[in-house]
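So the protein sequences, as listed, match chains A and B. Take the first sequence: its position 423, counted from the start at 1, is 423 in this note's numbering, and no numbers get skipped. Take the second sequence: its position 15, counted from the start at 1, is 15 in this note's numbering, and no numbers get skipped.
Derived by calculation from the structure, the hints in this document are not laboratory data. Glycine is no exception: its CB is placed at the ideal position from the N, C-alpha and C atoms. There could be a bad hint or two in this list.
Cross-link-like lysine-lysine pairs, in silico, DSS-like; alpha carbons within 27 Å at most [said to hold, decoys possible]:
(1) A:11 to B:19
(2) A:535 to B:19
(3) A:221 to B:19
(4) B:61 to A:221
(5) A:264 to A:324
(6) A:117 to A:57
(7) A:117 to A:19
(8) B:61 to A:535
With beta-carbon atoms standing in for the labels, derived distance ranges [claimed, not checked]:
(9) B:59 to A:41: 49 to 57 Å
(10) B:100 to A:382: 25 to 33 Å
(11) A:387 to B:41: 16 to 24 Å
(12) B:97 to A:387: 39 to 47 Å
(13) A:379 to B:59: 20 to 28 Å
(14) B:41 to A:81: 25 to 33 Å
(15) B:42 to A:380: 45 to 53 Å
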Amino acid sequence: MKWWESLLRRKEQETRLDKGLSFHIEQRVLDLRRSGLNEEEAQRRVRLEFGGMDQVKEDCRDARGARWIERFGCDARYAVRVLSRRRGFAATAILATAVGIATITVVFSIVHAVLLKSLPIDHIDRVVMLWQQDLGSGRDRISLSPAEFREYSTGPASFDSIAAIRGVSLNTTLGYQPVAVDGIEVTTNIFETLGIRLARGRAFGPAARGEAVISSEFWQKTLGGGEDVLGRVLTLRSGFAAGSSAEPLDGDYVVIGILPNNLKLPYRDAGIWIPLALHSQDPAAAGGLLTFGRLRPDVTLAQASSEVAATARHLQQLSPTRSKNLTTWLVPLRQEDIGDITPSLILLAVAAALSALIVCADVANMLLSTLLEREHELETRRALGATRGALLRQLLTEGTILALAGAGAGVLLAIWIVGVIARMAPASIPRLNSARVDGWALGVAVVAALAMAAAFSIAPALRSASGRRLTLRQGNTARGGRLREVLIVTEFALASVVLSGAGLVLASARAMEPAVIGYQPSRELTFRVALRQSKYALPQSRQQFFTSVLEHLRALPGVTAAGAVSILPQMDTNRNVELQVDAAGATRFERSSVRFRVATPGYFSSLGIRVLAGFAMPILPQGRLL
Amino acid sequence: MASPKSDLRQGTLDLLILKTVALGPVHGYAIAQLLQQISRDVVQVPGGSLYPALHRLENRKLLAAEWWQTETGREAKFYRLTRRGRAHLLAGAASWQRLSEAVGLILRIAEGAAR
């Protein structure tokens, strides 16, 4: 019989035990009477032979196993009675535990979502992004032009494959509803390069034109998540963007595959992936290709880097006008994905663990001081025959109940906090918005609670089991007093560590804010418009559109300024122009590239951007500058 | 009445119970009676030792139990040997045999024989 079975069928078992034993006794009495004893004498003899009935039953129950859980039930009921007699103490201890457990659970959920759950990419440690770097201007993430990409994709042998993507703004129509969606054009080897297993459907075939793969999120949220999505035709119009591909992307696309959940590529989170066609007539200067490479298993990052650098030198030889400062470097995809937040998160995790330790010390201390008040009770129980083990078990049970009650409250608190954090998550921290208190987090909470239960009970248990009586003798108080002093000192030490740790996290988060970005984001609203390339092919029509939109916006009550820009601040542009810098004393012209944004004059006042020198664009009456 | 309880190791009692049950399905009281009769009153197992042992053997799946009617019309718990119980009995009996022969050999040595 399984132990849980015997637990569930306890009543039945008890009656059977009674029945079995009384059968034995009756038979024995019968036999003894047959041998000539009278009823009374027979009964007496049997009782003598049998020994204490309750002791025998207890032995039988022991033999059956599963006693610990019954005993725990007993201890638990007693512990609840003890704790409910001292409500103030219990409430404080549970609250402290709840805060500790909540901290641990919240931090674990965040760390789990951001650091531990990585992108759904096979062997992500072998995937790198290939960037160019301008040593002159210090710009470090310059995208590749089609010509450069071609050179890298055929050159280095360190890679299994090299793929490129390019962002594109797309419009489509669902029913009568126009929908703007971020898309990327991808080289068809992107799936093998990144090591992506599609959730459904297939990757691009040899005649990939007119095929599209969509993200799980786009499928679920925009297309409704229906099973019939494969084979559905989306009519896509590419939004207008300066310097976009020579060939218009407009047309009908058949959905052939769905990407796995939570696949968000750094810099380009796209709902629709369509094939990228590179043409030789693409302007050499046009950048915009984000390049991914999959390293061969036997190649280290350093080997690949030096090989890529050699290709960069080769490119330099091919095109003498190319900036000499342009080098190439490789960044592991995981690093691009997680970025610089790893140290902060580790700090946060350490702070959480320390705060949990403080809770342990705190509650253990409280339990210890209540132990003195309970001396009478414990002495009485000992006098009534409770063994040292039974008393220890009792104290451990009380600690466990406190910890579990605290853990229950703490987990509820954590679910709420994580919900709030996920809703307010900045886009710069990947997957933070998907943080949940899931099974793993619950497991961590339970383990933490059990560890706390042990921690709560150790000090009191040591005290009560020290072999000494619990009575308040002078020597004894001195001992307990020292233990408590140690706890208090530890607590203060830990508290200051946590405070400084939390302060550091805050400071580094704060440091990212206004100082770096150059404006104060507080009352600005933004939205995106991707004009249909075919309809707004003429510059004048685009100018007209934006001028009228901005005028309407400025006319709205409560709007103080309105402007437009090609790419919002802090979003990566990856749109480069080449400049020829006519530096004084230079022996020849050198081409360099900078990132640029196209803005309307109202843009600067809308965001409150100060211009360091000179003046911002004036608003011309004709709206010429756009 | 001298109680052999203290003389009977737990493993030995288990072995005796298994052997008795191997003769055919019996209830607890009959086991005690059989042990006493076969051993000519040397082995007397009090209920206080017998029943915990039975529960333990059942828990270890060496014995299986069913409730049947006795001849007198009362319901009693009848034990029978499981396959595991039989294997345990064979192994236990063999090792006991070996040990008792060895002990016998040693005890039969005439004093002074080693010289």
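Results for each hint:
no.	hint	in the structure
1	A:11 to B:19	violated, 31 Å
2	A:535 to B:19	violated, 98 Å
3	A:221 to B:19	violated, 72 Å
4	B:61 to A:221	violated, 57 Å
5	A:264 to A:324	violated, 34 Å
6	A:117 to A:57	violated, 54 Å
7	A:117 to A:19	violated, 58 Å
8	B:61 to A:535	violated, 83 Å
9	B:59 to A:41: 49 to 57 Å	violated, 36 Å
10	B:100 to A:382: 25 to 33 Å	violated, 46 Å
11	A:387 to B:41: 16 to 24 Å	violated, 38 Å
12	B:97 to A:387: 39 to 47 Å	holds, 41 Å
13	A:379 to B:59: 20 to 28 Å	violated, 37 Å
14	B:41 to A:81: 25 to 33 Å	violated, 52 Å
15	B:42 to A:380: 45 to 53 Å	holds, 47 Å
Comparing the model with each numbered hint stated earlier shows that hints 1, 2, 3, 4, 5, 6, 7, 8, 9, 10, 11, 13, 14 do not hold.
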